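Take the sequences, apply the hints, and build the full model.
Going down the list, the sequences are from chains Z and D.
If you're matching positions, the first sequence starts at 1 in the working numbering and goes up one per residue.
If you're matching positions, the second sequence starts at 1 in the working numbering and goes up one per residue.
Just so you know, not all the hints are guaranteed correct.
[Stated by the list, open to error] Counterexamples of contact, computed for chain D against chain Z with all Cβ distances above 10 Å: (1) Gly20; (2) Gly53; (3) Lys63; (4) Asp82; (5) Lys101; (6) Glu104; (7) Ala120; (8) Ile133; (9) Ser177; (10) Ala207; (11) Gln212; (12) Ser219; (13) Leu220; (14) Gln239; (15) Asp244.
[To be verified] Residues from chain D shown here face chain Z by an in silico Cβ test under 7 Å; the list is partial: (16) Cys139; (17) Gly140; (18) Val179; (19) Ala181; (20) Gly221; (21) Pro222; (22) Val232.
Everything labelled a hint here was simulated from the structure, so no lab data went into it.
It should be emphasised that the depicted structure is a prediction, and the values quoted were computed from it without experimental measurement.
Ideal Cβ placement from N, Cα and C applies to all residues, glycine included.
Protein chains: 2
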Amino acid sequence: MPKFDFRSPRLFVDAPLAAGAGLALDRDQSNYLGNVLRLAAGDAVLLFNGRDGEWQATLAGRKRPDRAEVGAQVRAQDQLPDVHYVFAPLKHARLDYMAQKAVEMGACALVPVTTRFTQASRLNVERLRANVIEAAEQCGILSLAAVHEPLPLERWLAGRDGSRLLVFCDEEAPEASPVAALAAENGANGIDVLIGPEGGFADEERAGLLKQPCFVRLSLGPRILRADTAAVAALALVQAVLGDGNTR
Amino acid sequence: MPKFDFRSPRLFVDAPLAAGAGLALDRDQSNYLGNVLRLAAGDAVLLFNGRDGEWQATLAGRKRPDRAEVGAQVRAQDQLPDVHYVFAPLKHARLDYMAQKAVEMGACALVPVTTRFTQASRLNVERLRANVIEAAEQCGILSLAAVHEPLPLERWLAGRDGSRLLVFCDEEAPEASPVAALAAENGANGIDVLIGPEGGFADEERAGLLKQPCFVRLSLGPRILRADTAAVAALALVQAVLGDGNTR
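In structure tokens, the structure reads:
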């Protein structure tokens with residue numbers, strides 16, 4: 001009987017998961033399990049698909065593990081809090097990192113928006129999705145964050161649901177306690193956490209943000225943060241005060 | 001007259017800074033300014049040394065800029081809040097990243113401690129210092145975080161000032177609002193924020209932590225965070241509730 005624990009490798013699969021099911025693993029997964037993790041037939045993994053919770057499974061296959069036999073469910077499917085992470089894309093490795101961090105912090109959607117001072121002009125949505133999967137696999141997350149297609153900020157603002165709370169981080173916000181500012185708000189209809197580009201918002205962009213029906217303009221303290229740091233800091237505060245970190 | 005703004009390159013220097021001073025730049029700085037940033041004599045930079053605030057300076061030199069002439073002070077020296085970031089070292093690039101993030105979040109000291117389940121057995125203190133300087137240069141920070149020599153966790157615990165508040169992040173902490181838990185505490189004598197290794201604390205290590213006179217055992221929410229993410233999340237919450245993010 002293979003041993004399962006929280007540190008067992010976790011794999012995202014597309015297929016439905018149910019006790020007794022047999023799944024084919026794709027070539028990348030098979031390579032990763034066999035060549036990187038050095039696992040073989042009979043070894044234990046955990047599987048999730050974003051819908052059916054988390055399941056024990058036992059690897060099978062001759063040369064490398066290329067199938068998994070599903071055993072018992074170990075966790076029921078859960079739901080992430082309705083927090084969307086809205087961001088101006090960064091370049092390459094820092095974007096990978098930022099996407100992974102937003103997933104770790106429990107964002108249920110990644111929404112790229114382009115702004116006047118956005119650094120990166122093109123965005124690889126498939127690569128973003130791969131980062132979402134990797135972070136969910138590593139951090140024990142059961143639901144995959146949705147990845148939206150990029151939109152210009154103004155179009156995103158024009159189309160968003162105005163009953164959602166918009167939390168936007170603004171270097172030029174008046175300094176105030178971010179905890180008190182968030183605690184005064186209601187995030188029950190969902191929350192959009194927006195981190196702008198490192199060049200800041202343009203004046204007309206800020207004006208558009210300030211016209212949203214429900215918003216908080218958040219100061220993240222006296223130091224300038226890089227965008228990927230601001231992502232984690234803002235999501236930590238939002239989850240702690242209005243999201244599922246608040247278990248009062 | 002060179003133009004200075006917040007986005008001007010910032011350089012850390014060791015020498016005293018005062019109006020009219022002329023400084024020799026070291027070879028790395030000279031290369032960076034000339035070859036990476038493509039700056040030349042007459043261009044503007046900002047200088048800080050961790051003691052004398054921030055100063056405008058004008059580059060000089062023939063082939064590459066190798067000197068700086070100090071102009072006016074633009075910011076007075078400030079002090080970071082008395083928050084020490086105490087951490088189990090990670091490997092290589094992730095340690096660089098974690099150190100930079102702790103500096104961005106305003107830690108005034110980086111204190112490496114080794115634990116039973118620490119991944120990295122050796123630590124390059126000089127490399128940590130270089131990361132502190134890089135992050136301070138990039139993020140407009142005027143005070144350099146001190147870098148301590150690594151100590152085993154037990155020895156660090158035995159030697160620390162027990163009047164400081166110990167905030168330790170523990171995957172096995174009972175889930176509770178981290179904001180409420182921090183708000184109930186007093187950080188006036190200084191705060192040590194401890195992030196353990198990704199393998200968690202050993203039982204005897206946790207017992208040692210729970211014997212400290214003033215501590216909060218923090219839950220960072222229902223998801224497992226990687227150590228570098230936990231660093232930013234915990235420091236964001238501590239700065240927002242007990243540090244200089246709280247300007248109530």
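- request: Sort out which numbered hints this structure fails and list those numbers smallest first.
  value: When the structure is compared with the hints, numbers 5, 6, 9, 12, 13, 14, 15, 19 turn out to be violated.
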